[in-house]
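Novice: Chain by chain, the residues:
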Amino acid sequence: MTRVYVPRDAAARSVGADAVARALAADPRVQLVRNGSRGLLWLEPMIEVETAAGRVAYGPVAAADVPALLAAGLLDGGDHPLRLGLTEALPYLARQTRLTFARCGVIDPLDLDAYRAHGGMRGLAAAIALAPAEVVAQVTRSGLRGRGGAAFPAGVKWQTVLDTPAPQKYVVCNADEGDSGTFSDRMLMEGDPFVLIEGMIIAGLAVGATRGFIYLRSEYPDAARTLGEAIARAAAAGYLGDDVAGSGRAFHLELRIGAGSYVCGEETALLESLEGKRGVVRPRPPVPAVAGLLGAPTIVNNVGTLASVPVILDRGADAYAALGVGRSRGTIAFQLGGNVARGGLVEAPPGLTVRELVHDFGGGTASGRPVRAVQVGGPLGAYLPASALDVALDYEALAARGALLGHGGVVVFDDTVDMAKMARFALEFCAIESCGKCTPCRIGARRGVELVDQLVKSKRPADEAAVLRELCDTMTHASLCALGGMTAYPVESALRHFPEDFGL
Amino acid sequence: MVGPLLPVLNEVQSELGYIPEHAIPRIAAALNLSRAEVHGVVSFYHDYRTRPPGRRVVKVCRAEACQAMGGDALAAHVEARLGCAIGETRDDEVTVDAAYCFGNCACAPAVMIDGALHGRVTPARFDELVGAPAEEERS
Ligand SMILES: Cc1cc2nc3c(=O)[nH]c(=O)nc-3n(C[C@H](O)[C@H](O)[C@H](O)COP(=O)(O)O)c2cc1C
Ligand code: SF4
Ligand code: FES
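One line per chain: the protein sequences are A and B, in this order. The first sequence lines up with residues 1 to 504 when you count with the working numbering. The second sequence lines up with residues 505 to 643 when you count with the working numbering.
Just so you know, not all the hints are guaranteed correct.
Now the stretches of chain B that chain A is said to cover, found in silico as 3 or more residues with beta-carbon under 8 Å [unchecked claim]:
| hint | stretch |
| --- | --- |
| 1 | 544–553 |
| 2 | 571–585 |
| 3 | 592–600 |
| 4 | 603–611 |
| 5 | 622–629 |
Since the hints were made in silico from the structure, they are not lab data. Fair warning: this is a prediction, and the values are worked out from it, not measured in the lab. Using N, Cα and C, we set each Cβ at its ideal position, and we do this for glycine too.
Please take these sequences and the hints and turn them into a complete structure.
Specialist: Here it is in structure tokens:
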């Protein structure tokens, strides 16, 4: 029997991986493993065959290709036009630094033995051996910052929860991944769910929280199934429950599914939603670390943040902090999508430029036309023109250019894009998703859509543009949260860099 | 249980396809909430339907990465092919909804048909997909 890996990742399944798996399973020599995705998404379904020389990749494979592949000696890594070579040597992968995603695409995501054999649960063992305050100190020293968007230092947040005495504390994983153009959380939850669970257990032990919740968006049914099963298996193996891995300490974990609301990714709206209410943003203070879920001290961290904790505890904070630039340490999972030839997941230390990502990794547009605009950081992220792609993907460098890294999504557009339409879309999205708490966002976004419509038809566009900029200014400064507060980023950057699309 | 309302509503919707008006007082009573509170939650979240959906439910991603890959043309094609505008239900037969990202942005444009996600969807591919019976296996 030869092991053949066919991803069960939702992106791979969306382009036919299940049919490929069925076709392969019909051959008695094949031992099928459904792994996560390696993140070379333009090659999905990308299958791998285990050979003496290592795993050999083929892709993109359609079910109809399977007979010819088998005839060409697929099971010995035989030659075929779809053969890509040794997986680990593929330049797209070899140029990355896979820490958080070290196992994603490598193992069967629900195989706990494989997880442990590939370094899993070592971070937890290290954390159990340390005093809680030392675990928090490690996270602080690693320089890990929140991967959900706001880039707040994780250790500072954990320290606050640790220092706030309370009978009950919580760890909440923000798995809402609402930003368009992003999919790293999804890939990780589907491809290596135990690393998230391990990170959450460590967080719980570090701050004395005995209960955890994963708040997952409803658009990710595959992730829900995989996480649900992974939680059950982790509990059965004694990693969750009243006595975590024989430590004598408790941590219980529950999966919750959202109901379609972008603003519920904002941490306080998320907590309201977990409490069973409308997802309306709470004013701060208090911050959730002091008074979060049901008023109790609560860690709210993104999937990528929590999933980076095990490797920090395992290899040490200094090893993690040794990567990166300035105050952006470790690695970040960049996600490359839209009109790009080689879209996928690129985990690398911050500091890579947008150009390297879009052109060296991405190979330019999928359409073969020139790149015209790149949106960095989700629907609230700025549009960069093709001339400004040398900016480094680190938190400070982008902020200095009026842009944000956000959750690390990078979406490419070719020269057929209408930037006035994209600006209008940003405002429309804000209007649809506004929680309604504050006027600049609730009313302003609708008004903004009208203004863009008037502007593109206007005989005096400069005047209309001035009104639009003023509205953006009001939304930026008078909104309670970043939905209203950052919608100006895509709108103003589109106006600034692509005035001709607005008739200016 | 912490905040049981969303899990309960999700369960009702997955059983019935929507949240019937008559279910609201019962849910409210069972969870010791006011009807207004339950109504407020049902109306806040985009997923909750207050009327039955069509037999087929098609969700078209309208977010940026899909727009960059011909998502507008695809959305227009979906509406024309199914004779149903986004946000509408036609003859109990089909419901078409907008979605904002399925996390499939590197295989754009994306469409979800009866819960199954599809990527790199061209108009021709869409026609094949809706022509075909629902996939029997969801592993
Ligand atoms: C409108 C809005 C949407 C957000 N959506 C998400 C999201 O989907 N996932 C996420 O992790 N953080 C999201 N955030 C950021 C969270 O509020 C919060 O900063 C994050 O969960 C903290 O975790 P981290 O420090 O690990 O990033 C969003 C913020 C805003 C204002
Ligand atoms: S900015 Fe918008 S989403 Fe944020 S609190 Fe105000 S109304 Fe709600
Ligand atoms: S933008 Fe359409 S799947 Fe992400």
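Novice: Are any of the numbered hints broken by this structure? If so, which, sorted upward?
Specialist: 3
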